[in-house]
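Number of protein chains: 2
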Amino acid sequence: MAKVHITDVVLRDGHQSLIATRMRTEDMLPICGKLDKAGYWSLEVWGGATFDACVRFLREDPWERLARLREALPNTRLQMLLRGQNLLGYRHYSDDVVRAFVNRAAANGMDVFRIFDALNDVRNLRTAIEATKAAGKHAQGTICYTTSPVHTLDAYVKLADELIAMGVDSIAIKDMAGLLTPKATGDLVKALKDRFSVPLFLHSHSTSGMAPMCQLKAVEEGCDHVDTVISSFSGGTSHPPTESLVASLHAAGYETGLDLKLLQEISHYFREVRKKYHQFESEYNDVDSQVLISQVPGGMMSNLANQLKEQGALDRIQDVFNEIPRVRADLGFPPLVTPTSQIVGTQAVLNVLTGKRYESITNEVKRYLQGWYGQAPAPVNEKVRTQAIGSEEVIDCRPADLLGDELDKLREQIGSLALNEEDVLTYAMFPEVAKTYLQERADGTLQPEPLLPKNDTRADGVVPTAFKV
Amino acid sequence: MAKVHITDVVLRDGHQSLIATRMRTEDMLPICGKLDKAGYWSLEVWGGATFDACVRFLREDPWERLARLREALPNTRLQMLLRGQNLLGYRHYSDDVVRAFVNRAAANGMDVFRIFDALNDVRNLRTAIEATKAAGKHAQGTICYTTSPVHTLDAYVKLADELIAMGVDSIAIKDMAGLLTPKATGDLVKALKDRFSVPLFLHSHSTSGMAPMCQLKAVEEGCDHVDTVISSFSGGTSHPPTESLVASLHAAGYETGLDLKLLQEISHYFREVRKKYHQFESEYNDVDSQVLISQVPGGMMSNLANQLKEQGALDRIQDVFNEIPRVRADLGFPPLVTPTSQIVGTQAVLNVLTGKRYESITNEVKRYLQGWYGQAPAPVNEKVRTQAIGSEEVIDCRPADLLGDELDKLREQIGSLALNEEDVLTYAMFPEVAKTYLQERADGTLQPEPLLPKNDTRADGVVPTAFKV
Ligand SMILES: [Co+2]
Ligand SMILES: [Co+2]
Chain A
1 MAKVHITDVV LRDGHQSLIA TRMRTEDMLP ICGKLDKAGY WSLEVWGGAT
51 FDACVRFLRE DPWERLARLR EALPNTRLQM LLRGQNLLGY RHYSDDVVRA
101 FVNRAAANGM DVFRIFDALN DVRNLRTAIE ATKAAGKHAQ GTICYTTSPV
151 HTLDAYVKLA DELIAMGVDS IAIKDMAGLL TPKATGDLVK ALKDRFSVPL
201 FLHSHSTSGM APMCQLKAVE EGCDHVDTVI SSFSGGTSHP PTESLVASLH
251 AAGYETGLDL KLLQEISHYF REVRKKYHQF ESEYNDVDSQ VLISQVPGGM
301 MSNLANQLKE QGALDRIQDV FNEIPRVRAD LGFPPLVTPT SQIVGTQAVL
351 NVLTGKRYES ITNEVKRYLQ GWYGQAPAPV NEKVRTQAIG SEEVIDCRPA
401 DLLGDELDKL REQIGSLALN EEDVLTYAMF PEVAKTYLQE RADGTLQPEP
451 LLPKNDTRAD GVVPTAFKV
Chain B
1 MAKVHITDVV LRDGHQSLIA TRMRTEDMLP ICGKLDKAGY WSLEVWGGAT
51 FDACVRFLRE DPWERLARLR EALPNTRLQM LLRGQNLLGY RHYSDDVVRA
101 FVNRAAANGM DVFRIFDALN DVRNLRTAIE ATKAAGKHAQ GTICYTTSPV
151 HTLDAYVKLA DELIAMGVDS IAIKDMAGLL TPKATGDLVK ALKDRFSVPL
201 FLHSHSTSGM APMCQLKAVE EGCDHVDTVI SSFSGGTSHP PTESLVASLH
251 AAGYETGLDL KLLQEISHYF REVRKKYHQF ESEYNDVDSQ VLISQVPGGM
301 MSNLANQLKE QGALDRIQDV FNEIPRVRAD LGFPPLVTPT SQIVGTQAVL
351 NVLTGKRYES ITNEVKRYLQ GWYGQAPAPV NEKVRTQAIG SEEVIDCRPA
401 DLLGDELDKL REQIGSLALN EEDVLTYAMF PEVAKTYLQE RADGTLQPEP
451 LLPKNDTRAD GVVPTAFKV
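Respectively, the protein sequence lines represent chains A and B.
Residue numbers for the first sequence follow our numbering, so the first one is 1 and each next one is one higher.
Residue numbers for the second sequence follow our numbering, so the first one is 1 and each next one is one higher.
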């Protein structure tokens with residue numbers, strides 16, 4: 001029987017997608033016994049925005065979370081999401097910081113490192129992949145999926161080729177915006193499995209409602225691993241539910257090794273936990289049809305709508321909306337994901353509000369056009385580049401090649417507030433926020449942001465009847 | 001390009017599944033212009049529980065709703081769900097009532113009649129199918145899907161054979177509980193399409209989270225028609241979203257004729273409408289994993305939990321739960337749908353609480369075992385039957401064969417409160433409720449049940465970030 005391996009992402013991407021990354025470690029630990037027994041290939045528990053949220057909002061030590069999860073999940077692989085040379089921060093770090101970060105994550109119990117770059121520039125993945133392998137851990141190379149004239153099947157195969165040449169243990173298809181259609185998924189998986197023997201992972205979001213179908217097609221075409229989330233944290237901008245895929249695959253003769261009864265108990269647990277964080281729920285979390293129509297994530301549009309509202313220019317939203325694909329083309333079709341979605345969106349707003357395209361240009365667009373984020377997927381618009389940076393230098397090397405070692409300097413800056421190397425790395429990620437955090441920790445004044453009391457006003461006992469025909 | 005036809009069920013099953021069938025005609029009419037232009041093959045707008053809800057709760061004339069929808073949707077087929085010989089009520093009606101009902105529905109604008117029987121006893125469909133064809137309308141025969149030792153592929157093919165022999169224009173697979181797996185769907189569709197040339201419709205609920213995958217498999221195996229619901233009324237005990245399937249199919253080279261931009265506008269409209277009915281929302285509407293584990297719908301379990309609670313016996317729920325499949329087997333494996341889910345569930349509770357199986361037997365089980373609901377899918381347990389009815393007569397004919405004409409009697413009973421034949425039929429469905437309704441209409445005192453004011457207490461402006469990786 002063919003085996004399909006499941007990674008549940010409830011402890012990372014699930015709550016990141018649905019409750020703004022706010023789940024606390026205290027709500028993770030009580031269910032770890034069951035999670036550890038359920039039969040997952042791995043649990044995604046760390047990285048992405050969780051590190052930032054721990055320090056900034058929850059006032060928790062993310063390293064301590066990792067260590068405690070490791071202890072509570074002795075039999076299950078722990079997995080994290082790492083932004084390549086950006087690690088878990090928002091800039092390019094020097095190689096010594098990258099190596100130290102990966103090394104400390106591995107030492108604290110991380111098994112699987114999913115490593116991606118927003119531009120799919122593999123040079124931004126190299127150091128992290130090397131460090132993962134040096135630590136004897138599983139290095140997973142990532143394809144950020146998007147659509148554009150240059151994002152062809154061949155281009156993705158070439159990208160996978162490069163990742164494999166760098167020695168990755170597996171490849172992940174990462175569809176952060178829910179753009180993958182079942183057909184595109186099947187074609188992409190087939191192209192990759194025809195050529196490569198490393199395990200293939202699919203990570204897709206339910207944003208557009210197509211993800212359950214994508215997962216099925218992926219498995220049919222030979223995808224070995226699928227990311228899902230326990231049903232009480234599934235759907236919308238999150239992921240398809242674990243239980244439904246497991247039952248579907250079992251019925252089709254695949255083995256997942258997962259126990260549906262245990263999954264049900266896990267789901268009930270998280271259903272209760274989720275209530276605690278009701279203040280972070282989005283009012284709308286049904287299908288985002290904007291993605292289906294324009295390939296622009298609705299979340300990005302609502303952020304822009306807020307920007308326009310503040311400027312009293314909400315009536316220009318459709319213009320901004322038409323402008324986004326043009327800016328994206330000018331920038332060489334970057335996938336729209338942090339930070340590129342912000343870079344493209346903000347410039348599109350400027351282009352519309354000033355009345356003249358690129359009359360005003362953001363610093364981020366300038367840095368992007370100078371090559372400081374890496375290589376764009378397609379050539380950028382040279383006219384726009386000249387307008388933005390004149391004759392200033394453009395780099396075409398790996399951005400981190402221009403960065404000297406910085407770990408010693410960071411260690412010196414934070415001084416005795418850092419009790420260990422992990423603290424120094426926390427400081428490296430978010431200097432200001434982390435410094436405040438470390439100071440308050442030293443002072444014994446750490447306070448998590450408050451949670452609002454439950455005030456569910458739905459009428460008790462009024463539920464739809466079971467009369468369903 | 002292969003064509004796949006879409007039926008949107010938002011005006012019937014969508015709101016029946018999610019807001020207890022409470023959507024009012026006044027909230028349907030404003031969007032009909034767009035619905036009529038979108039390109040649906042049909043819109044399911046009537047039947048099921050809507051007729052009952054109109055009279056009982058909304059104090060609307062269901063016939064007037066139909067006439068107004070017909071007028072507002074001149075270019076789209078209107079479709080209804082009809083419970084065979086039960087019509088839209090809860091008992092077997094005489095043939096003259098069935099004929100009159102179908103005739104009046106057709107005259108008021110109904111195009112497509114989806115006709116089913118809870119036991120899949122085709123004799124209970126015959127009169128309704130004949131009446132539909134006599135009215136020159138589309139008669140659709142229905143397979144109620146369930147799982148049991150006797151519900152084999154062969155059995156479903158045989159059922160379809162019988163339906164086609166009765167002259168149906170098409171066949172629907174109706175999965176009211178979300179039991180279909182993608183594999184089972186593909187196999188069933190293939191078996192039917194290999195043998196029959198009539199159009200095949202798939203109606204599946206998202207209860208277990210497998211339905212989107214089932215729809216894709218169905219189309220791949222040649223299913224011509226799929227029921228979906230506009231995304232703002234999708235998911236949970238409702239159906240997969242229209243937009244996601246349409247986009248998925250377009251990407252795979254199928255044509256649906258639907259315009260995603262219009263669908264988006266329609267979805268936004270219904271998103272606002274849904275808020276008005278917040279009091280009828282279920283607190284939990286994520287994946288029902290109970291169905292996946294036991295094939296017993298969670299909605300049925302929660303009804304039974306309430307019954308047990310009232311009797312201070314909630315601790316026996318697991319026993320009841322284990323008893324349900326045994327009672328179902330004793331009764332010859334009926335699909336669990338109204339009314340059989342209630343019949344089986346209540347008897348299971350009695351069997352557990354009395355401490356001795358079938359020491360007490362409900363009247364409904366007795367009538368069932370006497371044959372008054374039609375023929376069970378498999379032979380019933382004869383010991384249980386003897387215990388229930390002793391040597392009382394068991395009928396094996398079509399139940400309605402034993403009913404004399406009743407329309408004249410009904411017309412006489414309701415008298416001048418009925419202003420037309422439609423009123424008589426309303427009275428036939430729900431004698432007491434309809435009589436009160438017609439009396440209050442005559443008195444000018446009709447009042448719909450009140451809607452609670454909106455009191456959404458979620459904190460404004462707190463939404464998950466767009467940072468999704
Ligand atoms: Co239904
Ligand atoms: Co993600």
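Fair warning: there could be bad hints in the mix.
Quick list of simulated restraints, FRET-style, between CB atoms [what the hints assert, rightly or not]:
#, chain 1, residue 1, chain 2, residue 2, range
1, B, Glu449, A, Glu283, 50 to 60 Å
2, B, Ala305, A, Asp36, 21 to 31 Å
3, A, Val150, B, Met1, 45 to 55 Å
4, B, Arg316, A, Glu71, 52 to 62 Å
5, A, Glu421, B, Thr147, 35 to 45 Å
6, B, Glu26, A, Thr386, 55 to 65 Å
7, A, Leu262, B, Pro74, 30 to 40 Å
8, A, Ala2, B, Lys34, 36 to 46 Å
Everything labelled a hint here was simulated from the structure, so no lab data went into it.
Computed from a predicted model, the values in this text were never measured in an experiment.
Even glycine gets a Cβ: it sits at the ideal position worked out from N, Cα and C.
So, going through the hints one by one against the coordinates:
| no. | hint | result |
| --- | --- | --- |
| 1 | B:Glu449 / A:Glu283: 50 to 60 Å | violated, 26 Å |
| 2 | B:Ala305 / A:Asp36: 21 to 31 Å | holds, 30 Å |
| 3 | A:Val150 / B:Met1: 45 to 55 Å | violated, 27 Å |
| 4 | B:Arg316 / A:Glu71: 52 to 62 Å | violated, 39 Å |
| 5 | A:Glu421 / B:Thr147: 35 to 45 Å | violated, 57 Å |
| 6 | B:Glu26 / A:Thr386: 55 to 65 Å | holds, 59 Å |
| 7 | A:Leu262 / B:Pro74: 30 to 40 Å | violated, 54 Å |
| 8 | A:Ala2 / B:Lys34: 36 to 46 Å | holds, 45 Å |
Violated hints, listed in ascending order, are 1, 3, 4, 5, 7; each of the other numbered hints is respected by the structure.
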